[in-house]
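Each chain, letter by letter, is given below.
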Amino acid sequence: MNTHDEDRIRQLLKQTLAPAPDTGPSRDLWPSILRRLDARPSPPWFDWALAAGLALFIALFPTAIPLFLYYL
Amino acid sequence: MAGSVEIRPGPHSQEVLQAFRHGDQASFEMLFRLYQSAVHRWLLRIVRNSATAEDLTVETFWRIYRAHARFDPERGFEAWARTIATHVALDWLRAHKQETELPVDLAAQQRPDPGIAFEIREKTAAAFARLPPRLRVAALLSVVEELPHKEIAAALSISVAAVKLRVFRALRLLRKDLLKQGITP
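For the record, the sequence lines run as chains A and B. Counting along the first sequence from 1, when you hit position 61 you're at 61 in my numbering, and nothing is skipped either side. Counting along the second sequence from 1, when you hit position 114 you're at 186 in my numbering, and nothing is skipped either side.
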């Protein structure tokens, strides 16, 4: 593509798409942000899986609790 | 805008920026009120749909809030917000690659050119929408919005030379697509 081709395709693009209008949002967006801020993030599934695994381990091998606490 | 509070940057700007950096929600709201229109306008330039730009403005400020600890007050809030907004818009364009439509009628209403048929403009817009998002955004901001390369480079977190290359590649691909359709630009 030479400079002439580039100029023509630029011109075509400019004639096809106008610059976006200089307008702001049509509504107050802060309530949407607040909803996100107020939503408490749930713990990731990995944390739950780890806690469940640990509880199962303690239930199956209660004698291992002192050893487990020693290595904590 | 309904419910908005007009806040002008004042002598306490640095204090507000520092407080935001430490996660203060009131400072975040102040910055949101101050910059939401600028961020929305920037997103509108990229996605070219007001409702989408509004949704992405919310997503941008949500990401901004989560990244508050990484904010550098020396760099300035608007430039940082613009960079995050650009990445949010790029993510959206990638996720909605097949659905993205560029409004041809917007151009037709504002800058009618009787020399170019509506069909050609429509095909050009469709071909442009098929470009990879990173090339499309660079070409939109440079050719259509006529923004300085330096400003585009900062928003895209790339060099000025990379912006020029992306614009060139976008125009070359666009020309190729149009030639395939029998349109000689």
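Be careful, since some hints might not be right.
Claimed, not checked - Below, in silico cross-link-like pairs of lysine-lysine (DSS-like), each with a Cα-Cα straight-line distance of 25 Å or less: (1) A:14 to B:236; (2) B:236 to B:222; (3) B:248 to A:14; (4) B:252 to A:14; (5) B:248 to B:169.
None of these hints come from the bench; they were simulated from the model.
| field | Given hint residue 169 of chain B paired with residue 248 of chain B - CA-CA distance at most 25 Å | value | OK: residue 248 of chain B and residue 169 of chain B at ~19 Å, within 25 Å.
| task | Please work out if residue 252 of chain B and residue 14 of chain A have their alpha carbons no farther apart than 25 Å. | result | holds (20 Å)
| field | Distance restraint between residue 14 of chain A and residue 236 of chain B, which requires alpha-carbon spacing of 25 Å or less | value | The hint holds at about 17 Å.
| query | If you draw a straight line from the CA of residue 236 of chain B to the CA of residue 222 of chain B, is it 25 Å or shorter? | reply | Holds, at roughly 10 Å.
| query | Is the hinted pair residue 248 of chain B and residue 14 of chain A satisfied, with a Cα-Cα distance of at most 25 Å? | reply | Holds, because 17 Å separates the two Cα atoms, which is no more than 25 Å.
No hint from the list above goes unmet by this structure.
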